[in-house]
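S.K.: What follows is each chain in one-letter form.
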Amino acid sequence: MDYELTREQQMIRDEVRRFAEAEIAPVALELDEKEEFSVELTKKMGEIGLFGAMVSEEYGGQAMDYVSYIIAVEELARVDGSQAATVAAGNSLGIAPIYYFGNEEQKKTYLPKLCTGEYLWGFGLTEPQAGSDAGGTQTIAEPDGDEWVINGSKIFITNAACEMTLGVTVQAVTGKRGDGRPEYTCFLVETGTKGFTAKAMHRKMMWRASNTGELFFDNVRVHKDQILGKQGDGFKQMLETLDGGRLSIGAMGLGGAQGAYELALKYAKKRKQFGQPISKFQAVAFKLADCAMEIECARNLMYKACWLRDSGKPYEKMAAMAKLYCSEVMSRVVDHAVQIHGGYGLMKEYGVERFYRDQKLLEIGEGTSEVQRIVISRYIGC
Amino acid sequence: MDIIVLIKQVPDTGAAVSIAADGASIAAEGLKWVVNPYDEYAVEEALRINEAAGGGTVTVVSAGEARAAQAVRAALAMGADRGVLVNDPALSGADSLGVAKALAKAVSGMDFGLILAGSRAVDDEAGLVGPMVAQLLDIPHVSMATTVSLEGDSVLVEAATDGGTAVVRAPLPALVTAEKGLNEPRFASMMGIMKAKKKPLEEKDLSALGLSAEDVAAKSAVAAMSPPPARPPGKMISGDTPEQLAENLAAALADEAKVI
Ligand SMILES: Cc1cc2nc3c(=O)[nH]c(=O)nc-3n(C[C@H](O)[C@H](O)[C@H](O)COP(=O)(O)OP(=O)(O)OC[C@H]3O[C@@H](n4cnc5c(N)ncnc54)[C@H](O)[C@@H]3O)c2cc1C
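Line by line, the protein sequences give chains A and B. Using the working numbering, you'd call the opening residue of the first sequence number 1 and step up by one each time. Using the working numbering, you'd call the opening residue of the second sequence number 1001 and step up by one each time.
Hints listed in this document are in silico derivations from the structure and should not be mistaken for laboratory results. All figures in this text were calculated on a predicted structure; none of them were measured in a lab. Only true hints are included.
Chain B is faced by these chain A residues, among others (derived, beta-carbon under 8 Å):
| hint | residue |
| --- | --- |
| 1 | E8 |
| 2 | I12 |
| 3 | E15 |
| 4 | I48 |
| 5 | G49 |
| 6 | A53 |
| 7 | Q62 |
| 8 | M64 |
| 9 | A72 |
For every residue, glycine included, the Cβ atom is placed at its ideal position computed from N, Cα and C.
Please take these sequences and the hints and turn them into a complete structure.
M.R.: Printed below as a string of structure tokens:
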């Protein structure tokens, strides 16, 4: 057994940390306050190769292993959840389905543009009436000659409604299967297609500098070549995409927990009350000890899930566990971190309240904590 | 152009250094090591020169302990083509001249039009190795460049001087040392890091260069190191009005600090 990261994985951690501290940290608070998605910062993240992590070189990707990708997301989240979200969703939800399920033509058309970080792509699954119950999709697509006509709407779609959005993958019902259940198919719909509108959603509590969109499809016509993979593969594609996506959401929990913990530890050593640093009070020290331990456990679980995936072994159960555990660890850590900061923890300048807010989505997005428990309980045979 | 960049691994500038038990060196354990920031300017400049020209090679050369390979790899990840590390235990006791001898030997067999180095290393701030290497190779050298432009067979350098700028032209091959402000070094890209794995990194000891431990042995030795005195606590100036505050501040600067 070897717990050592490879030299490249270690270099990726160092370099992304350096980047996040130099380029993201100085603007994170302001972007959060203004609820502003930054094109400039996203392009910079593209320049250092944060998009197309798992994509091979021939399509302009970075050809990284999954552990490396997850480390990169973790390091971004250690500094800012919003930028980590742009990258995690960009890779796991935007790029991955096209890379894994797209045909050669689709990959050649879209991947090079997405892997540079010049453009983003959304993954539209959630609908107003279909959240955890993704099978409840109401968006429909009907064939008409060589074309399909899409009608319906999607909600909460990351990276789908900003000036960098090149298009979205949309899951729609395309008929009934033999067993009477609905057939799902994913379509690649480019920004600017007639009848397709994307509206940025505002007034979010968290990930305020990440772009979230509401999508409307009003008789949107796309050529049948825009079907992702094969007709009827939509549900399988979605499940596989979410398995990978869970790892990146988990990585955000892990990195966010690390960032909040570091802030709390530093503050506790500096802040004096009753004539000594508050880190000397057992009540504070024990909280920090718990944080350190839980983060360590979370990291081991997360890297194990990634290692399974890199080794081509079944990793789905472990991905659900890692997503659930990392996001709940972050929940406990940010709670301690704000508590340790006292009143200052509630003020924006101290940074820790942003972690407190950003954490909440991790227990909701890409399958709520309840859904993760359902998934895990099925795997263990309940 | 074939460009050689000399780099040194130094403790992270953000790291808190402490003095080792021998009282004459810094404690190496637990330190984070990075490429000397001035050397990063040199690497960046070399990459930019070749990118603008659409060709050429960048070879990174370092001398030090085994861990310095990490610094060479960091430069390869930024985009340099190959690395050479002179790795010999004798070098840990070497002074600037010893290191310069090792580096000069290491590069003397290579083809190059230009050698770039940092103007100084942030650990001992001596600023000697670059000029010494140039001397040993018998090529011209310009220190503290803030711009570097290649013009035919020569290099035109703007160099920082006290209160001004010197514009110096030197025939190639030449050695130029990089000053802060020369450029803004890039971050290594993810792909750059993955590709660095496959780039050649050659390690040599002193004997492979035809040098012995005595050749690089320090001509001087550090007798002792002491930490800088702790900074005295700040003093708050009191006063009810801005005028009073200014008056009290001026008085404190003149009478107590005696700086005006
Ligand atoms: C900022 C943000 C970004 C997002 N990005 C994307 C994106 O890029 N693409 C995309 O497709 N979606 C995205 N989502 C949507 C997200 O995945 C959904 O919000 C999530 O799946 C939950 O669905 P819901 O909000 O409809 O909640 P609901 O499904 O209505 O759940 C409400 C509550 O009921 C519980 N619940 C539901 N069913 C069960 C059950 N069977 N047993 C026990 N409890 C249950 C849930 O756990 C939850 O607590 C994003 C959401 C947000 C907020």
